[in-house]
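There are 6 protein chains.
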Amino acid sequence: MIRAFYIGRFQPYHFGHHTVITRIAEEVDELVIGVGSAQKSHEATDPFTAGERVLMLYNALEHLPIRHYVLPIEDVRYNSIWVHHVASRTPRFDVVYSNNPLVIQLFREAGFCVKESPLYIRDRYSGTEIRRRMIAGEKWEHLVPKPIVETIKDIDGITRLRNVSASDNNFSL
Amino acid sequence: MIRAFYIGRFQPYHFGHHTVITRIAEEVDELVIGVGSAQKSHEATDPFTAGERVLMLYNALEHLPIRHYVLPIEDVRYNSIWVHHVASRTPRFDVVYSNNPLVIQLFREAGFCVKESPLYIRDRYSGTEIRRRMIAGEKWEHLVPKPIVETIKDIDGITRLRNVSASDNNFSL
Amino acid sequence: MIRAFYIGRFQPYHFGHHTVITRIAEEVDELVIGVGSAQKSHEATDPFTAGERVLMLYNALEHLPIRHYVLPIEDVRYNSIWVHHVASRTPRFDVVYSNNPLVIQLFREAGFCVKESPLYIRDRYSGTEIRRRMIAGEKWEHLVPKPIVETIKDIDGITRLRNVSASDNNFSL
Amino acid sequence: MIRAFYIGRFQPYHFGHHTVITRIAEEVDELVIGVGSAQKSHEATDPFTAGERVLMLYNALEHLPIRHYVLPIEDVRYNSIWVHHVASRTPRFDVVYSNNPLVIQLFREAGFCVKESPLYIRDRYSGTEIRRRMIAGEKWEHLVPKPIVETIKDIDGITRLRNVSASDNNFSL
Amino acid sequence: MIRAFYIGRFQPYHFGHHTVITRIAEEVDELVIGVGSAQKSHEATDPFTAGERVLMLYNALEHLPIRHYVLPIEDVRYNSIWVHHVASRTPRFDVVYSNNPLVIQLFREAGFCVKESPLYIRDRYSGTEIRRRMIAGEKWEHLVPKPIVETIKDIDGITRLRNVSASDNNFSL
Amino acid sequence: MIRAFYIGRFQPYHFGHHTVITRIAEEVDELVIGVGSAQKSHEATDPFTAGERVLMLYNALEHLPIRHYVLPIEDVRYNSIWVHHVASRTPRFDVVYSNNPLVIQLFREAGFCVKESPLYIRDRYSGTEIRRRMIAGEKWEHLVPKPIVETIKDIDGITRLRNVSASDNNFSL
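Protein chains in written order, with UniProt numbering: chain A, 1 to 173; chain B, 1 to 173; chain C, 1 to 173; chain D, 1 to 173; chain E, 1 to 173; chain F, 1 to 173.
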C-alpha cells in the first residue's frame with residue numbers, strides 16, 4: 001500500500017491541479033491532498049476560505065478512483081518545522097509529489113522520498129491567471145472543472161475577489 | 001440539501017461517536033466532522049495526532065452512506081471567535097449537532113441552528129475510560145470499531161500513551 | 001498633571017472596583033483603566049467580552065469627574081514583557097495603583113512608581129462571589145452599580161454564564 | 001439609539017479623520033472608534049504606539065458632542081475572523097462607516113449594515129503624505145488638529161519616525 | 001566526535017543538574033544544554049528569566065572541560081513538533097540524555113538515540129524543594145553551586161519569588 | 001565589569017561581523033551576541049537555522065579572549081516590546097553596540113546606553129553579497145572565517161540556499 005502526499009493552495013482549484021492529481025492517482029493507492037495556507041482568505045492572492053476550497057476539491061474529485069484525504073494545512077511561522085507540522089496533521093505517507101524547489105528541499109532534508117509531480121501546462125492553468133481574468137471580467141470558466149464554477153458562483157466569489165483586490169488590504173484610512 | 005456539523009476530539013474514536021454519527025447520517029444529506037484540538041498530541045488526555053485521528057475516522061466511516069468531510073480544527077485562543085474560526089475551515093453547514101453546553105451557547109449566539117446530538121451511553125463509551133484501560137492494561141478493544149484497534153497498534157499507541165502519561169508533561173528536571 | 005494606571009478583569013464590574021476607582025480619581029488628574037484578559041470571554045471565570053466590559057465601565061463611570069481611558073489589554077504569553085506590553089497600549093502614566101503582588105513586582109522591576117490601591121471589603125465585593133450567585137440564582141444585583149445590571153440583562157449574560165460553566169470548556173465529547 | 005463603528009490606523013490622526021468623525025457624529029448617537037493595527041509602532045508606516053494614538057484621539061475629540069469609545073484593535077492573522085475579532089472587542093454597534101473595499105466586503109459578508117464614510121480630500125489629508133513631510137522636514141502641522149502637534153512633540157515623534165524609516169526594519173547587519 | 005543534548009528548566013540550577021552534566025561531560029565530546037521554557041519568568045514555578053538562567057549556567061560551568069552550548073529553548077504550542085523545534089535551534093547532536101518519559105518518547109519517535117541521564121538524589125536536589133525553602137526563609141544555599149547564590153542575590157531573586165508566589169498570577173481583582 | 005550586547009542575523013557569519021566583534025571585545029569585559037531572527041531558516045535571505053549559526057559563531061570565536069554568550073533571539077510581533085524581549089533572554093548588559101538606526105532608537109527609548117559599532121567595509125562584507133555569490137557559483141570562501149566554510153559544507157548549505165531561492169517561498173502551485 002503506497003500513500004502519497006500532494007499540496008496546493010487551490011485559489012481556485014483548476015485543470016492544472018486536476019491533471020496532476022488524476023495522474024498521481026494512477027501510481028499510488030491513497031492520496032493525501034493538503035490545502036495549503038488554510039488560514040488565508042479574502043486576500044487578492046487568496047480569496048477563498050479553506051472550507052470553500054475543501055468543497056471545491058470534494059466536488060471535483062467525487063469520482064477519483066482511490067481513497068483521498070482533503071486536509072487543510074495552516075502555514076507555520078518558520079520553515080524548519082513545516083514538514084513536521086504537515087506530518088502531524090496527516091496520515092503517514094510514503095512519497096511526496098511536488099515541483100516546488102522549497103517543498104522538495106524541506107521534505108528531502110527531513111528524509112522523505114520526493115518525486116517530481118506530473119507536469120501540466122503552467123502558462124495555461126495558473127491560479128494567478130485565473131484570478132486576473134476574474135477581476136478583469138474575462139472568461140475563466142473553461143480553465144476549471146465544472147463544479148468549481150458552481151461553488152464560486154454560490155459564494156459570489158467574483159465580487160469578493162474584486163473587493164479584496166481593490167483594497168490595499170489594510171483596515172485603515 | 002441539508003449539511004450538518006459535528007465535532008469531537010476522538011481520543012480515540014469509539015462506539016459512542018460511531019452511534020451518534022450513524023444516527024445523524026440518517027437525518028441529513030452531508031456531514032462535516034470536525035476533529036477538535038487538532039494541534040494536540042502526545043499528551044495524557046490527547047495522545048493521538050490529528051493525522052492519526054483522521055485516519056481512524058476514514059477507516060471507521062468507509063461505509064457511511066452520505067458524503068462526509070473529516071476536517072481537523074485547531075483550538076483558538078479565545079472563545080468569542082471560535083465559531084467563526086470553525087466556519088472558515090469548513091463547507092457552509094445548516095445545523096450543528098452537539099450536547100456540549102458551551103458549543104451550543106457559542107453557536108446559538110452566532111445565530112446557528114443547533115440540535116441536541118442523539119444520545120449514547122456515556123458511562124460505557126468514553127475517551128477517558130478507554131485511555132484509563134489502555135494505561136492499566138485492561139480490555140479496551142471492544143469499545144471501539146475494529147479498524148481503530150488496527151490503527152492504534154500500527155503506531156504503537158499504547159506505549160506512547162503510557163509514556164506521555166508517566167510524565168508531568170514538562171520538558172525539564 | 002498626574003496620570004495613574006489601574007487594571008482589573010471586571011467580570012463583572014462591581015462596587016469593589018467602583019469604590020477603588022472613585023477614590024483614585026480624587027488623588028490624580030487622569031486615570032487609565034486597563035480591562036485585563038481582554039481576549040477572554042465565554043468562560044466560567046471570564047464570561048463577558050472585552051466590548052461588554054468596556055460598555056459596563058463607560059456606563060458606570062459616566063460621571064467620574066476626571067478624564068479616564070478605558071482600554072482593553074490582552075494577556076501576553078510571558079510575564080517579563082507584560083509591563084512593556086501595557087505601556088505600549090496606553091498613554092504614558094506616572095503611577096500604578098494595585099494590590100496584586102505580581103503586578104506590583106513587575107511594575108517595580110520595570111522602574112515604575114507603584115501605590116497600594118485604596119482598599120474595599122473584598123469578601124463582599126468579589127467577582128467570584130457574584131458569578132457564583134448568578135449561577136445559583138441568588139441575589140447579586142445589589143453588589144454592582146445599577147447600569148451593570150442593565151448591561152448584563154441586555155446580553156442575557158446569566159444564561160451565557162450558566163451554559164459556559166456547565167461545560168468542561170472543551171469542544172468535544 | 002444608533003451606535004456606529006469607524007476604524008483607522010491614525011498614523012497620525014489628521015484633519016481627514018477629524019472631518020469624517022465629526023460628520024458621522026451628526027448622524028448617530030454613539031460612535032466606537034477602532035485604533036487599527038494596535039500592535040504596531042516604530043515602523044516607517046506605523047511610527048506611533050496604540051497608547052500614543054489613543055491620546056491623540058482623546059485630545060482631538062474632547063468636545064465631540066456624542067459618547068465615543070476609543071479602542072485599540074490588534075490585527076489578526078487571517079481576514080475571515082477579523083470582523084468577529086472586532087465585534088468581541090467593542091460594544092455592539094448597528095452600522096459601520098467605511099470607504100475601504102475590504103472592510104466593506106468583510107462586514108457585509110458577516111451581515112453588518114455598512115455605509116460609505118463621508119468623504120474628505122484624500123490627496124490633502126493622508127497619513128502617508130504627512131509622514132513624508134515629517135521625514136523631509138517640510139511643514140505638516142497645518143494638516144492635523146492642534147493637540148496632535150503637541151502630542152507628537154512630547155514624545156519626540158519626528159526623530160523616532162526618521163530613525164525607524166532610515167532602517168531596513170531588520171535587526172541585523 | 002559525539003555531541004550530546006540535555007535539557008532542563010534550571011529554576012534554579014542546582015547540584016542535581018550539576019552532577020548530571022558533569023557526568024555526561026565525561027562520556028561525550030560536546031554538550032548542548034537547552035534552557036527549557038525560556039519564555040517563562042516571574043511565575044511561582046518559573047521565577048527566573050532565560051537570561052538569568054543562562055548566566056547561572058555560564059557561571060557554574062566555567063570549568064567544564066568540554067565545549068558546551070547554553071541555549072534557551074522556548075516552549076511550543078504542541079508536542080508533535082517540539083523535537084524539530086529543538087533541532088532547529090541547536091547544533092546537530094548525536095544523543096539525547098533524559099529521564100523524562102515524554103522527552104524520551106518524543107525523541108525516540110523522531111528517530112533520535114536517547115540515553116537515560118546519570119541519576120542524582122532527586123529528593124534532595126529538586127527545584128520545587130529549593131523554591132519552597134526560598135519562600136519559607138529556610139536554608140537553600142547548600143543545594144546549589146556557589147555562583148548561583150551570587151546570581152540570585154544580585155537580582156534580589158528571593159523577593160521576586162515571594163511576590164510572584166503570593167499572587168494568583170492573574171493581573172486583576 | 002562591563003558587559004556589552006551586539007546583534008546580527010549572521011546569514012552567514014562573515015569577516016565584517018568578525019572585525020566588529022573582535023574590536024568590541026577589546027573595549028569590554030563580556031559580550032552577549034544575539035543571533036537575530038532565530039526562528040527563520042530555509043529562506044532566500046535566511047538560509048541557515050539558529051542552531052547552524054550558533055555553531056558558526058562558536059567555531060569562529062573559539063579564541064576570543066573574553067567571555068561571550070551566543071544566544072538565539074526570535075523576532076517578536078511588534079517593535080515596542082522588542083528591547084524587553086531581548087533583555088529577558090540575555091544576561092543584563094550595560095551597553096549596546098549597533099549601527100542600525102531602528103535598533104539604536106528602540107534601545108535609546110528604553111533608556112539603554114548605545115554606542116556606534118566599530119565600522120567595517122560593508123560593500124565587501126555583506127551577507128547579501130555572499131549569498132548572491134553562493135547562488136551564482138562565484139567565490140565566497142575568502143569573505144568568511146575558515147571554520148564557516150566547513151560548517152556550510154557539512155550541511156550542504158549551498159544546495160539548500162539555491163533551492164530555497166529558486167522557489168517563490170510559497171508551498172503551492
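These are calculated hints, taken from the structure and not from any lab test. Each residue gets a CB set at the ideal place from its N, CA and C atoms; glycine is no exception. Treat the hints loosely; a few may be bogus.
Calculated lysine-lysine pairs in the DSSO-like style (CA-CA distance at most 27 Å, straight line) [what the hints assert, rightly or not]:
#, chain 1, residue 1, chain 2, residue 2
1, E, K115, B, K153
2, D, K153, F, K115
3, A, K153, A, K139
4, F, K139, A, K115
5, B, K139, B, K153
6, C, K153, B, K115
7, F, K139, F, K153
8, E, K153, E, K139
9, A, K153, D, K115
10, C, K115, E, K153
11, C, K139, C, K153
12, D, K153, D, K139
Counterexamples of contact, computed for chain C against chain D with all Cβ distances above 12 Å [as the list claims (entries may be wrong)]:
#, residue
13, F15
14, H18
15, T19
16, R67
17, L71
18, E109
19, G111
20, G137
21, A166
Not close to chain F: a few residues of chain C, all C-beta gaps over 12 Å, as computed [said to hold, decoys possible]:
#, residue
22, E27
23, P65
24, Y78
25, R89
26, V95
27, I104
28, A110
29, C113
30, K115
31, S126
32, R131
33, E141
34, I158
35, R162
Closest CB-CB distance from G137 of chain C to chain D, is it above 12 Å? holds (26 Å)
27 Å limit on alpha-carbon distance, applied to hinted pair K139 of chain F and K153 of chain F: holds (14 Å)
Given as non-interface: R67 of chain C, partner chain D, CB spacing beyond 12 Å: Violated, since 7 Å does not exceed 12 Å.
Given as non-interface: H18 of chain C, which should sit over 12 Å from chain D by C-beta: It holds; H18 of chain C is separated from chain D by about 19 Å at its closest Cβ, greater than 12 Å.
Non-interface claim for R131 of chain C: all C-beta distances to chain F beyond 12 Å? Since the minimum Cβ distance to chain F is about 32 Å, R131 of chain C lies beyond 12 Å and the statement holds.
Against chain F, does K115 of chain C keep a CB gap of more than 12 Å to every residue? holds (22 Å)
Hey, does E27 of chain C actually stay past 12 Å from chain F on C-beta? holds (27 Å)
Examine each Cβ of chain F, and state whether all of them lie more than 12 Å from the Cβ of E141 of chain C. holds (41 Å)
T19 of chain C and chain D, when compared Cβ to Cβ, separated by more than 12 Å: Nearest chain D Cβ is 24 Å from T19 of chain C, so the label holds.
Non-interface claim for E109 of chain C versus chain D (Cβ beyond 12 Å): Nearest chain D Cβ is 20 Å from E109 of chain C, so the label holds.
Holds or violated: K153 of chain D with K115 of chain F, Cα cutoff 27 Å? holds (25 Å)
Beyond 12 Å from each Cβ of chain F, as asserted for P65 of chain C: Correct as stated: the minimum Cβ-Cβ distance to chain F is 32 Å, above 12 Å.
Hints 4, 16, 17, 24, 25 and 28, counting from the list given before, are not met by this structure.
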